[in-house]
Amino acid sequence: MMKFWNKRVKLGILTENPEFEDDIKAIQKEIKDKINKKFAGSLAIRMVDSGSCNACEAECNALANPYYDLERLGIYFVASPRHADVMLLSGLMTFNMQPHVLEAYEQIPAPKWVITLGDCPAMEGVFEKTYAIKAPADKYLPVAHHIKGCPPSPREIIQGILDFLKKV
Amino acid sequence: MRFIARYAKEREKGFEIVTVYEDEIQKEYVPFENPLIETVTKKYPAAIWFERKMQDDFGIIIKDAFDKRPLVHQERFPKGVHPLRKDFTDKELEEGEYLPYKYEAIDGDGVFQVAVGPIHAGIIEPGHFQFSQAGEDMLHLEVRHFYKNRGIEKMLEGKTLQEAKPIIERISANESIAYQICWRDIVLQATRQKLPLALQKRHALLLELERTVHHLTDLGFIPNDAGFGAALAKGSKLAEDARRKMRELTGHRFGFGSIDFANKFIDTVSFSEWLEALLHSVEFFQEWIIDIPSLWDRFDTTGILSLKKAAKYSTVGVVARASGLTQDRRINKFYFKHGFVMASEVSGDVGARFKIRLQELKNSISMMHNFLEEDESVLELEMLHDGEYHSFTESSIGELFMAIEIKNGVIERFFVRDPSFVNWQALHVMMRSDIIADFPLINKSCDLSYAGNDL
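Top to bottom, those sequences are chains A and B. Per the working numbering: the first sequence ends with 326, consecutive numbering throughout. Per the working numbering: the second sequence ends with 615, consecutive numbering throughout.
These aren't lab readings, by the way, just hints derived from the structure by calculation. Please note that the accuracy of each hint is not assured.
With a straight-line cut-off of 27 Å between C-alpha atoms, the simulated DSS-like cross-links for lysine-lysine are [unchecked claim]:
hint, chain 1, residue 1, chain 2, residue 2
1, A, 287, B, 251
2, A, 287, B, 567
3, A, 165, B, 397
Take these sequences, add in the hints, and give me the full structure.
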């Protein structure tokens, strides 16, 4: 166990990695201020996958890794829509998922916003319309903001959330 | 004889049912007017989802099936609609009458049901798990999927192999390279060409890099599901490093669009250095994590899949190898020559699946060293020939099977069996002696794909 802590101390804080930290720092203060002002200190996100390839989910999971450490900005992924301010929606809104997505949206207390993540929910990606696809999502939900990409990188997701905060 | 897949194709006057086993492919024909087939589930229980899928997709009737519930078509799906039939061309579905799905449930004094999903509490794909519980003990689990069904098979019909490529590589992002390699092998069969060694090595390198990312992610997430978050911090850091390498090599963090027929420059010196450093980190991680008793208390004897059951349910990949099955699509000359050693464990529990990932990760790192190649060769593709082709690749989850029929230069039928499609069906037998709190841990130790399963 000592060996682990020795290495841990030697490694230091990865989040200070200059290649990233400088960029993030520039937007970090802005994000923190926005969140403090508009969402009483934290922004709670409920991620819903409506039929993606799992890349957008993997990138959202990456937001928790030591390089990005999203939570230090006061942005959290929450387990229940009832705890959320924002629904982050990925995927093609499949025929089978659509009723469940709408139900999850119903469960979010107002005021609430929908951010679409990746090209799929906007039908801007490579997938073509089939009987099983109901996207674009804005036919069924009031989409406040869209984050482009296939998938958007963790940096682009953070940037996208900031852009959304600028709008509201 | 190991069962691999079973699927249907529409022909002029009826359906062709193709059943793929390890050593042979069997075909039978049934007419449209009377599309009756016999089940093979008595011998191969994993065939049940394939047969229920056929029933939904084509309206084929399995006369002696014990389970005739719809699989892909959920409560609101219009009845009597079989979307993979050629005469079905609608792009919109009218919602049908809501027919509740009858879950497999155990009744009894004090036995109750726990329904979980489709939307889960974390950042995960949607799927449903129905538990029959006696207190904390799981008596039965039914896995119900296909929430993510996007109609991929239908979407790809009528496209050329080149047009289909961007979609195929996005069926399941964690296995994108594996899907692309299956596609590549079908292209090569259709053009009757051989791949230059340098390209073969580049593709194999990328496949091992994809496996590295996936295993590193799991090595963090599995302990995290046992309440040990420090491992996730370490695992996700290393996984991010590997993903950035993937981007450096392919221009994309998931390697979308990376398998083609031109070899690109790799900075072999810096890549080797990175591999050295990664191996060092992984060895450190292993030494550290093996020594944490409270973690292994949760891992050992949890979620056991016996060798007998692993074989009976036709499991593949990490799950199969953790239960002692010798099953890996990399068992061939090319891989052995480049340092492949098949990982193997026998206890079939969460701990075994975790250790398999550690072994495979280290083997992938040493193989990547051997796959480095500076030769920049290019393969010019020739004319495609119509025909039926199939290919196998060992993805980070397990054996991936893809079959494409080309007619008049375009795809007539596309079928793919993700390793998850068989492994999901074995999940319920792992739960027999565990409590419901162990379920997330057991599920994560298999780390199966929902997107690849649902198509």
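For each hint, the structure was consulted:
As the CA atoms of residue 287/A and residue 251/B are separated by approximately 7 Å, the hinted pair is consistent with the 27 Å bound. Under the criterion of a C-alpha separation no larger than 27 Å, the hint pairing residue 287/A with residue 567/B is consistent with the structure, at around 23 Å. A distance of roughly 14 Å separates the Cα atoms of residue 165/A and residue 397/B; the hinted pair therefore holds under the 27 Å criterion.
Of the hints listed earlier, there is not a single one the structure fails to meet.
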